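A.B. asks: Here is what each chain is made of, one letter per residue.
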Amino acid sequence: MLGLLGLVYLSTVFAGFLAPDDPATQNRDFPFAPPTRLHVVDGTGRLHVRPFVYGLARPSGAFEEYAEDQSRIYPVRFFVRGAPYRIAGIFRGDRHLFGTDSPTRLFLMGSDDYGRDQFSRFLYGGQISLFAGLLGAGLSLGVGVVLGGLAGFYGAWVDETIMRIAELFLALPWLYLLFAVRMALPLQIEPAEAFLLVLVVIGLIGWARPARLIRGVVLSAKLRDYVVAARSLGASDLYLLRRHVLPQVLGIVLTQGALLAPQFILAEVTLSFFGLGVGEPVPSWGNMLASLQRYSVLSSYWWMFLPGVALIPVFLLYYAVADAFHQRSGAFSV
Amino acid sequence: MRDRYGLDRSLPEKYLHWLQSIARGELGFSVAYNSPVGPLLWPRARNTLLLTVTATVLAWLIAVPVGTWAASRKGGWADRVAAGATTALLGVPDLLVGLGFLLLAVRTGYFPTGGMVSIDFAALGPWDKLKDVISHFVLPVTALTLVNLPVLVRHVRASLIDVLQAPFIQAARATGVSERRLLFRHALRAAANPLISLLGLSVAALLSASLVVETIMSWPGLGPLLIEAVVARDLHLVVGAVTCSTVLLIAGNLLADGLLYLVDPRLRPTQA
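These protein sequence lines map, in sequence, to chains A and B.
Per numbering that gives the first Met the number 0, the very first residue in the first sequence carries number 0; after that it's consecutive.
Per numbering that gives the first Met the number 0, the very first residue in the second sequence carries number 0; after that it's consecutive.
Just so you know, the hints here were simulated from the structure itself, not pulled from any lab data.
As the structure is a prediction and not an experimental result, all values here were calculated from the model.
You may find that some hints are simply not true.
What the hints assert, rightly or not - If the Cβ cut is set under 8 Å, some of the chain B residues that face chain A in the computed set are:
no.: 1; residue: 91
no.: 2; residue: 95
no.: 3; residue: 102
no.: 4; residue: 207
no.: 5; residue: 214
no.: 6; residue: 226
no.: 7; residue: 237
no.: 8; residue: 245
no.: 9; residue: 248
no.: 10; residue: 250
no.: 11; residue: 253
no.: 12; residue: 254
no.: 13; residue: 258
Backbone N, C-alpha and C fix where the C-beta goes; we use that ideal spot for every residue, glycine too.
The shape of chain A in the complex, shown without the other chains (with noise of 0.2 Å):
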């Protein structure tokens, strides 16, 4: 499971090999193009090795009305060259694993308003969601474990404060937070920032719970006999936490991350679907999605809802692994 998932997260990674196009190109003469039809048999019944795509054609001349161009064939071709890219931001390449021949376009998931293939959009939008997901739930490990930490093992006065100003954090409902959060920041943002922006308010948001559950499983094991003999033998906090502690909580930890990662992508996604978060042109699966606010493209093109049910075996990965975590920690900790 987690090994699916992370091959989901790589694909994103390399986006820009395995997408056909920029998720910036815009092609004005297809906009809201189905997705386009992979053949293997052309009109006379011929069997062709390679899958072959036809042209789009608009019979009617209506506009966004669409039909194969059935006189010409464009087989699909592997490793082409297109649109430079970079990987990482480090990698810089020009091959694509798929592509056609011009002036045909290979949309896999459609096209959008502007004619950008959605396809290479959605794994370009998977880098904003998915990772403002996984590295949010990073970030609020982090201040969760810090702070959970140091109330429990310190207890007192540390627990008290920290604790209080967790359970102000918990009172009110996560998602309003978020919005009142994102409102005290600026509305218009470049969306680099804005990833950033997203990530920092999230991560800063979701710290309250896992901090509370990492405070309980430091404290009873603050109070085992071997970490109570560690330290009448004069271990160091610092000896006891990172030998006898941490360890404890790696099992919680982790499956917290698996289970707060998908709230967090959710969080991403609800942000950018009301232009809270990331902004245009740059894909996000949030922002791919906000077009279904018009009633017009919510009814005709079905398209559009893809990057939202590409959500539902991102989330159930999760969990899954989430539960696999949650299962080995038991062992360990029992």
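For chain A, the structure is supplied; the task is to place chain B on it using the hints.
C.D. replies: Same frame as chain A, but now just chain B:
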């Protein structure tokens, strides 16, 4: 203008002014609506409350029997079907559920696609008014119920399985209490404690999900108001809406605690 909105005053002064307006029930002044925040919030809070309370009641009405049924046939096909369905539902984000129901409304036309009342609402008779609100109400409530259902079903099942393994259930079974009576009379009552605690905890998630569903389906609750206010950078309105949601959350928790006290005699202080 700076003078009118009090923008020229110092921060403590502004804060004091805001506190005073809370005491008057105004909760500050919305610049975007040019009106005190309080009167803007109350009808919205009422609508959110209507939506969330109905969805909660519906979700529990479905979750308790389904969860109990699954727990009583632990490992059987019914349990596995329920587990599969709840896991699948759990993976569907609230955003998508909302959009799905909106699609249903737009495509079929059986249900209105947004708002709480039709345009000609004022002209309708009292009976038609009720019918009108209900027809606007059905889809958001269904969406919100579906979003909350899987977590509830899972918890009901888990707490019942916990209880069913308790010694007193074994003892009751040994004395020949029928399985049905065992389940509904003994087990469900004992499981009420963790379930009501869950009711309190789930209010937060419910309100967050409600924000999304309300906004997508343009139900005039707190959610759309908050998002409009964030976009309009209307500070007092945002703070007001968040305060309001917090009050709802705390009220929900308080209610759950009170209910727990009523239902579970173990929590009551024993008279000496």
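A.B. asks: Give a verdict on every hint.
C.D. replies: Here is what the structure says about each hint:
1. This hint holds: residue 91 (chain B) has a C-beta 6 Å from the nearest C-beta of chain A, less than the 8 Å allowed.
2. At its closest, the beta carbon of residue 95 (chain B) sits 5 Å from a beta carbon of chain A; the interface hint therefore holds under the 8 Å criterion.
3. For residue 102 (chain B), the interface hint holds, since its Cβ comes within 8 Å of a Cβ in chain A; the closest pair sits about 6 Å apart.
4. With 8 Å as the threshold, the beta carbon of residue 207 (chain B) comes within range of chain A, its nearest partner Cβ sitting at about 4 Å, so the hint holds.
5. A distance limit of 8 Å between C-beta atoms decides the matter here; for residue 214 (chain B) the minimum to chain A is near 7 Å, and the interface restraint holds.
6. A least Cβ separation of about 5 Å between residue 226 (chain B) and chain A falls short of the 8 Å threshold, and the interface hint therefore holds.
7. Given the 8 Å rule on beta carbons, the hint for residue 237 (chain B) holds: about 5 Å separates it from the nearest Cβ of chain A.
8. A cut of 8 Å between beta carbons decides the hint on residue 245 (chain B): the least distance to chain A is about 5 Å, and the hint holds.
9. Given the 8 Å rule on beta carbons, the hint for residue 248 (chain B) holds: about 6 Å separates it from the nearest Cβ of chain A.
10. Look at residue 250 (chain B): its Cβ only gets to about 12 Å from chain A, farther than 8 Å, so that hint breaks.
11. The beta carbon of residue 253 (chain B) is not positioned within 8 Å of any beta carbon in chain A (closest approach about 12 Å), and the interface hint is therefore violated.
12. Evaluation of the residue 254 (chain B) hint against chain A yields a violated restraint, the C-beta minimum of about 15 Å exceeding 8 Å.
13. Violation of the interface hint for residue 258 (chain B) is found here, the shortest Cβ-Cβ separation to chain A being roughly 19 Å, above the 8 Å cut-off.
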